[in-house]
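**Q** Use the sequences and the hints to build the structure in full.
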Amino acid sequence: MNRRFIAVLIKETREIWRDPYTLGMAIGLPFVMLLLFAYSTNLDVKNMSLAVFDQDKSALSRSYITQFTTDDTFYLKGYASSYDELNQWMENDTVDTALVIPPNFGQTLTARRPETVQIWVDGSFPPTANVAINYMQAFNARFNYAQLAAIVGERNLKPAIDVQPSVWFNPGLKSINYVVPGLYAVILLAFPPLLSALSIVKEKEQGSIQQVFVSPIRSAELILGKLIPYGVIAFIEMLVILAMGIWGFRVPFEGSIWLLLFAALIYVFGAVGIGLLVSTVTETQVAAMLAAIVLTMMPALIFSGFIYPIFNMPEIMQWYTYLFPARHFVDISRSIVLKGADLRTLWFQMSLMIAYVAAIFTIAALRFKKKVG
Amino acid sequence: MIHATKLTKSYKKTPAVRGIDLAVKQGEIFGLVGPDGAGKTTTIQLLTGILTPTSGTATVAGIDVINEPDRLGGKIGYMSEGFTLYGALSVDENLDFFADLYGVPLSIRKERKSQLLAFARLEEARNRRAEHLSGGMKKKLALACTLMYSPQILFLDEPTTGVDPVSRRDFWKILFEWMQNNEGLTIFVSTPYLDEAERFDRVALMHRGEFIAVDTPAALKKQLTGTMIDLKADPQFTALAHLKKTPGVSHVQVFGERLRLLLAENSTLNLDETLQKAGARVIDARPTTPTLEDVFVSSIEAATPDAANHTNGHPPLAAVEPITGEYAVTVENLTKRFGNFTAVNGISFTVRPGEIFGFLGPNGSGKTTTIRMLTGLLPATDGSGTVAGFDILRQQKHIKPHIGYMSQKFSLYNDLTVVENIDFYAGVYNVPRKIRGERKAWVLEMAGLRGKERTLTGSLSGGWKQRLALGCAILHQPQILFLDEPTSGVDPISRRAFWDLIFELSAQGVTIFITTHYMDEAEHCHTLGLLYYGDIIAMGAPAEVKQNMKAGEMVEIDVAHPLRAAGIVETLPAVHSAAPYGDKLHVMVWGRADEHIATLEKTLRAAELPPHHIKTIDFSLEDLFVIFIEMKEAGRRAREED
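Chains as they are written, first to last, in my numbering: chain Y, 1 to 373; chain E, 1 to 642.
Hints in this document: simulated from the structure, not taken from any laboratory. Among these hints, one or two may not hold up.
A few chain E residues facing chain Y, derived, Cβ under 8 angstroms [what the hints assert, rightly or not]: (1) Thr-48; (2) Thr-52; (3) Glu-81; (4) Leu-85; (5) Gly-103.
Heads up, the beta-carbon is just placed ideally off N, CA and C, and yes, glycines get one too.
**A** Right, here's the structure in full:
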């Protein structure tokens with residue numbers, strides 16, 4: 001092995017190892033980030049508060065209300081005694097949803113006339129509002145069938161067509177199973193590019209890199225010697241958060257862990273490559289930090305499909321997302337973890353990612369000159 | 001070994017280096033001397049191949065560094081400005097890293113490493129992390145790292161700036177010892193210290209990207225025609241004012257109680273007579289040798305006639321109400337500790353009203369900490385003190401209206417215009433509205449910034465910024481002025497103009513408390529305190545401090561090969577230290593010099609290096625500083641052994 005390259009490698013490793021902050025940031029923060037994100041980006045609709053304005057107060061209205069509170073989707077927060085009170089509860093966020101039962105609800109139903117109830121939903125976050133409406137309509141339908149069955153006098157009345165949903169890959173529809181594999185992509189792009197960019201820019205700021213520039217070292221030796229330790233750290237990060245996903249969050253792992261690790265390895269090199277690229281265009285640590293965040297963290301959160309589905313984006317934005325490696329890795333990671341996908345289905349995404357990493361390194365290496373200014 | 005023609009580098013439109021021509025021979029120590037922003041670092045970066053010039057050619061060791069910098073690898077060593085080590089690595093690991101980088105064969109590595117560690121006196125520290133070394137030790141280690149791979153040419157960018165004098169001396173000693181064993185090493189070094197430049201074989205004086213003079217220090221000094229005179233006159237201020245107007249007299253400067261001036265060649269001026277007419281009396285006058293700074297200043301004036309103009313003449317200073325009481329500042333056992341670290345270690349001194357009191361010491365010796373305690377910015381850990389009669393611990397609020405403070409790096413807002421800066425400080429210091437306009441006009445006039453009122457401060461050169469900062473600090477006419485390294489990195493003309501102002505302020509009754517790490521500059525002060533790692537190791541008038549040094553004397557020897565001669569005389573028991581200074585050798589001997597001159601001559605003759613001339617010379621303040629520090633260290637060691 002080349003001694004100059006080894007010298008840089010050893011020097012860099014020693015510096016990282018002796019700097020508790022870098023090491024802590026590299027290993028500890030992903031851990032914290034996974035915990036925070038996994039719990040906070042919960043898209044499941046559960047335990048929504050429900051207020052009821054029951055203007056009828058009959059046996060039927062009570063039985064109708066219980067339809068909504070039999071499982072943990074809604075819980076009954078309280079009964080309102082007027083529209084004003086209900087308005088107030090919605091406005092000051094006391095409740096998420098409300099049910100308004102008109103007067104004479106029981107009588108109308110008994111007289112077999114159609115009746116209308118109102119449901120109010122806080123629509124400030126549309127995805128959950130939609131889910132809430134769907135749930136409420138389903139509960140309403142259930143009550144309708146029960147009524148119909150009573151009228152027809154047949155206990156086991158069945159609708160003409162029943163829908164039998166069969167949910168693939170995430171049968172429990174648990175969003176944690178969806179969020180955690182996506183987080184692998186986000187977290188690996190959060191710190192490794194930043195750390196590797198800082199390691200080069202810090203030396204620029206201190207001036208020590210000038211001495212290395214003057215030495216006979218080749219650019220490639222310097223680049224690899226500096227980046228490999230950060231690549232290794234990033235890979236350790238991956239192992240840590242993968243283990244947490246499997247054993248901590250009990251995300252089912254369907255596919256080959258080796259395939260995921262192989263993909264992660266490529267991805268990690270892309271991540272430190274972005275760091276290298278950032279270091280070639282910035283001169284100060286502050287600038288490098290900002291550039292790294294804008295180039296990695298933000299797109300990883302927004303344009304990777306981690307939270308916001310890409311198919312919902314305008315077409316131009318969909319093309320735009322191809323610019324960021326996180327988009328590919330989110331696909332790959334979810335496919336392997338949830339669907340158990342193998343190389344036969346993933347070869348396209350994998351080759352895209354490899355091409356991407358190669359491109360990043362080529363551009364960065366071309367830009368990286370043993371020159372100041 | 002180094003050739004450059006018409007080498008130019010411009011950043012955007014600002015030229016940093018303007019068409020310099022250069023030829024450095026093998027084995028030469030070539031010095032690049034100039035203030036901050038003169039283009040020293042850019043020149044070195046161009047020559048080491050890490051910066052591409054706008055135009056021009058350069059070859060180093062026969063290699064075209066502009067087109068084929070990669071072929072240089074291993075032939076040159078480069079120590080960039082500042083601390084360029086890896087702080088998290090130990091001394092050993094740093095040396096190994098550079099050895100690996102340059103492919104030093106393992107067979108010679110061990111021996112060379114122990115040799116360099118011995119030279120640098122870092123053997124005991126070899127397992128310590130570089131970040132835990134003192135500033136001086138870091139510099140020595142950085143040098144050892146570059147010598148590790150035995151380059152043919154060494155580029156050193158301000159290797160000794162802000163380093164304590166002992167470490168600076170050690171630094172040169174390491175280099176000279178190395179050169180004694182590795183003859184033919186070429187050194188290209190930059191420095192802001194003109195006194196240090198006397199050590200070099202040849203010197204280029206650099207100003208605004210150009211070489212305004214290139215020659216040996218001795219030849220440069222010969223260029224200065226006329227006679228340098230060292231004068232003591234009474235009253236000094238009258239003499240100064242008169243001499244400045246007298247034709248045939250130039251370079252008039254105040255050094256504490258003495259004046260220095262250059263009398264033009266063939267001048268028939270009789271100093272006694274002219275001064276008598278002006279109402280002053282000559283007490284003592286004698287010819288003296290010019291310094292490189294004298295040469296630099298006249299070269300700049302000759303090259304750029306406008307340079308001098310904007311510093312000449314300014315409106316008279318407004319009178320300041322003098323401080324009543326015997327002392328302007330008193331300090332008793334003042335101490336500041338940060339955790340385990342003692343920054344200031346129980347110092348005591350007094351400053352009389354109207355005195356220029358100088359604190360001289362390297363970076364990290366406690367200068368700034370002391371000023372911060374006196375100005376009420378930092379509470380003292382222990383001890384007491386008064387400023388303008390008020391207690392520094394309990395009456396900080398009362399002190400502030402009486403003092404002006406100019407911090408390091410001039411504390412101006414670079415993104416504000418000149419006038420906006422003045423307005424800001426006028427507001428901060430609560431200058432009464434009535435006189436605000438008048439004070440503002442005065443500052444602009446004094447700083448030579450008329451017509452530049454709307455210029456962004458950031459785009460001003462160092463000298464202008466410095467005078468503007470001084471103006472802002474005295475807007476409210478304070479009685480005591482604290483100046484923290486006000487002349488760092490400023491060109492010599494501006495420095496002289498600045499000292500003129502300081503002297504005038506002092507003549508008006510303003511007390512000046514000033515810190516500096518320029519050894520030569522300290523001679524301007526009335527009283528001097530040498531500060532070394534929190535302790536005052538010597539104090540008194542510069543002349544007094546020099547006279548009180550009885551331990552030894554300094555001898556200058558004119559000899560064919562100073563480097564080799566240094567190695568020979570250093571073995572004599574009477575010799576404290578010896579170091580080449582350009583084409584001369586400076587030897588410090590214990591006791592009286594006359595007793596040792598014969599021995600020195602005999603020893604050198606025996607070594608076939610007959611001295612052409614031997615004479616006793618004055619100690620420089622740096623020499624003194626080094627001796628005081630060594631005495632202090634010896635005392636400390638003796639106490640520890642008890």
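**Q** Run every hint past the structure and note whether it holds.
**A** These are the hints, each one checked on the structure:
1. Thr-48: Nearest chain Y Cβ about 5 angstroms off; hint holds.
2. Thr-52: holds, 6 angstroms
3. Glu-81: holds, 6 angstroms
4. Leu-85: holds, 7 angstroms
5. Gly-103: Cβ of Gly-103(E) sits 6 angstroms from chain Y, so the hint holds.
In the structure shown, no violation is registered for any of the earlier numbered hints.
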